[in-house]
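Novice: The chain contents come next:
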Amino acid sequence: MSDSFVTDPVVRTRFCSFRLPRRAMELNLALMAVMGGVLLCSLALGETRLAPGEVWAALTGAGEVGHGLLVNAIRLPRSCAALTAGAALGLAGALLQTLTRNRLASPEVLGVNDGGLMAVMIVVLFLPSASSALWMVSAGGAYLAFLLLMVFSRDIGAHGHRFLVIGIGLSQLLRAVNELMLSAGQLQHVTAVYVWSVGSFVGRGYAEALPVSAGVLFCLGWSWRLQRDIDLFSYGEATAAGVGVRTTSVKIQTVLLAAVSAGLGISVGGPLAFVALAAPVAYARLLGSPRLSLLGAALCGGGMTLTGDWVGRILLAPIELPAGLVCRTLGGLFLLWLLVHPKGRGR
Amino acid sequence: MRIGAVILVLLAFVLLSFGFGSGEVSPVVVLRYLFGATELPDREHVEMVLWSLRLPRILGAVLVGACFGLAGALLQTITRNRLAETDLLGINGGAALGVVAGMAYVGAATATEHMLAAFVGALGGTLAVVVVARRGGETSSPLRLILAGLAIASVFQGVLGFILLEDQNHLDRYRFWVLGSLAGVRTSQLAPALAGAVPGWVLAVATVRGCAALNLGDEIAENLGHRPGRTRLLAVLSVALLTGTAVSLSGPVVLLGLVAPYAARHVERDRMGRFLLCSALFGSGVLVVADTLCRTIVRPYEAPASVLVALVGAPLLIHIARSPRPLAALDR
Amino acid sequence: MKNSLSLFIRTTVAAFAAAVLLFSAGCGDASRTAAPSVSETGATRTISDALGNDVTIPVRPERVLALSEADLDAMLALGVTPAGACAGRGQASFPRYLGEETAGMTLLGALYRPSVDRILQVDPDLILAGGWLDAGLEEQLRRIAPVVRTHATGDGWRDALRGVASALDREAEAKAFLSRYDGRLEAVRAAVGAPGELEASVVRWNPKGPAFMYADSFSRGVLNDIGFRVPEAQQVPGPAHSPVLSFESLDQIDADWLFLGTLSGEGEAAKTLEHALSHPAFARLRAATEGRVVRVDGSVWTSAGGPLAALKILEDVEEAARNGE
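Protein sequences, first through last, are from chains S, W and V. Residue numbering for the first sequence follows this note's numbering, beginning at 1 and increasing consecutively. Residue numbering for the second sequence follows this note's numbering, beginning at 1001 and increasing consecutively. Residue numbering for the third sequence follows this note's numbering, beginning at 2001 and increasing consecutively.
Mixed in with the good hints, there may be bad ones.
Said to hold, decoys possible - Here's a subset of chain W near chain S, in silico, CB distances under 8 angstroms, partners left out: (1) A1101; (2) V1132; (3) I1152; (4) S1154; (5) V1159; (6) L1179; (7) V1307; (8) A1314; (9) R1322.
Because the hints were derived from the structure by calculation, they are not lab data. Beta carbons: idealized from backbone N, C-alpha and C, even for Gly.
With the hints as constraints, model all of the structure from the sequences given.
Specialist: Right under this line is the structure:
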């Protein structure tokens, strides 16, 4: 348990009162600064290197036409898309992990990525005319996967173990169906699916970033209302119910929010592994307390994806490593590092 | 004797499997051949199919299934975690990375070289998981192990993706191989596979008593005179050998190492030796059935076996996780 | 804990500030971006591309990019070297079979995922992008230079050639190429003998099992031009290859001539052929015992194809015919 919440300031107004988690807010501000830095790097550095002054000039429209095009039409929209995708995934992971008090509960383990892929493949193989709305389709597939999960598991179970095992089973099942479809499908269509499934932000921009960020803000807002109740879950479900939390309603709402977030997250650039799992864990370690700030996890996720996309661009230029690949590798290494340096608090 | 029943069922599956396949060699033709019918058209073809194609495949399925089942059971025992499985812990990923890296950088081509590469990879994966998990101390939760496995599997997959980006040849070969299939297994590959699997089995047998003691907890095991550390080490080596052999022969088959021990637990929960044996037998049985289906459901093509195992194993897993009795066992 | 947090904040901010300073110091005047010339040299014309879009393109384009394999192939066949192109499918550089003709071209990145940065550096005035193209990427590219969709997904190499020729205003060269191709066809038919009486298979070999190319695939199309017949079991429509075939049904790939495509380089390819020939099921095929098994380069035979690739196929068939005699 965090020892700072005793000293956190509390704001009381006529209608409501809430606690301002000071340390979390400081960390969030720091993360935003870091993300700003990474954003600047991703705008400035790539195949073509720009000095910060040139970036600023391009952003304000005063620089050369070429730079302006590069920064405003290519790099900035792409970075925004990467940011929002990561934020959505981080949020989804944080919601699930907080609800089940289980660091392993993350959308990709539960089959969301595979559900999204399956929806995309079905559309591409049987309804090729709808291929331009791929992103909506993948979000739909993600929700469907969650729905199946809730139907099969009926309840989360202690520490979400049952949820998790059923989720693993479901994700394997969906993956198997996907493989069958992939091996039987025509190669021309399979190309589009394969490129999407690898998780890349080439060609992504505001068209994806805007609706997704609206969705993320909506989910953040709703989950902020639920935050107090979800926090009480960390004392155990029975205790929370005893205090007056409507546990079933909270659980359903949280899982729904996680599903919406995860679906939006994978719809931007394809399924990104590991961000939803690692971002909340990383944030919790930085904070030093298992009690997460959802905004913080979203920021962490956004930062990870942005870094992954940027690193993928510059490492082997001009061959771009897909962001999904980079996130998977770096995320895994990061998690390993976290696991190898146990700090006693926060699992 | 329940184990006797399991063995008989396995034998029945094996025999039945001889009769089915994707060509025109149907069970009726096989029976006629076996009973020495002389006016069989194209007798040579039937012989070739039975002895050069189906026999090595079925034997391969029995071998690979036994390896995965046994490896899964061992892992679950030494980690005291019902979710431990070679795929989830990144060991399959390590073996796969070993094979692909071997193909790409060292030019490994023969069955033995593939097996060696897979073994090195599997060993690397297993050791990495155990080291990382144990950093948390003796009281590490089962969750820590799975997280470590996930992290390691992710890293392996990332590196694998990196290697495959460079060369299309490897990508094409890998894309079907990673689905896990027993197609194309030849008799010449079976001997090296046995050579790799037998030491694994021997090691597993050597750890039986130690593993049984592990179930009581490390302290009690030590007081009883066993050495948990050594047991774990031997078991880890065995798992690496078994997984490396199996993956090099057929590619990674997911969920077999999860399903076989679950099923075995229903038959034989208490005695460690029999539990391990049952797990191996169930693994073989499931894979033989899956392989038979692979050959028949999409004639004349082949379906990947791992996919079929997952189609069978995943609902089974969901079903088992839903029933209330094992639920208590999950929450250790 | 609080100390470590503020330490973290301070360190990270400092690290990023340092990184940015370093980079800006390092590339102060060495900025490699050239400002693109905004169509001053004016002559343009409007064409309608393969997908029905009207595109305004320069009459004499100087720096043309070819984004798909067929576009690159077609441009080189028409005698125009693009300023840049994407790598071959899954390869680290341009398709191998094009050899030296790709010298001097800028590599834009992996197929279907070009680096827009590099495209901007090359500063093209025309982009040829046939086949599959990501919608978001297309939008971004249209802001850089006019994008002509030279052919649709699944179109043959002749359509790609036609589309590229119309965009580059090289219809005469295209005609010349096609008549050259027809001339070579005659030569190959003569070398083979009576192709109309022979069946041919094109197969991708994999240790787990072979896969044959469907009836509408590129190499099948060229073989049909020569006059080879398609074995009945392989008359399945589609532009790509079949799923992996079981060894028990290997007779499905049997034919008088069997073209075995491998994707590996020289050394490994020979091993693959040996491996295939030693398989007991393979040894019983008519192609192995009485007919002809020809090892070919998979990157040409089993890819989406193009005009030069078609010529290469003709070369391979002619060589196989002469070796057989």
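Novice: Each hint: holds or not?
Specialist: Taking the hints in turn, this is what the structure says about them:
no., hint, in the structure
1, A1101, "violated (15 angstroms)"
2, V1132, "holds (5 angstroms)"
3, I1152, "holds (7 angstroms)"
4, S1154, "holds (3 angstroms)"
5, V1159, "holds (7 angstroms)"
6, L1179, "holds (6 angstroms)"
7, V1307, "holds (4 angstroms)"
8, A1314, "holds (4 angstroms)"
9, R1322, "holds (7 angstroms)"
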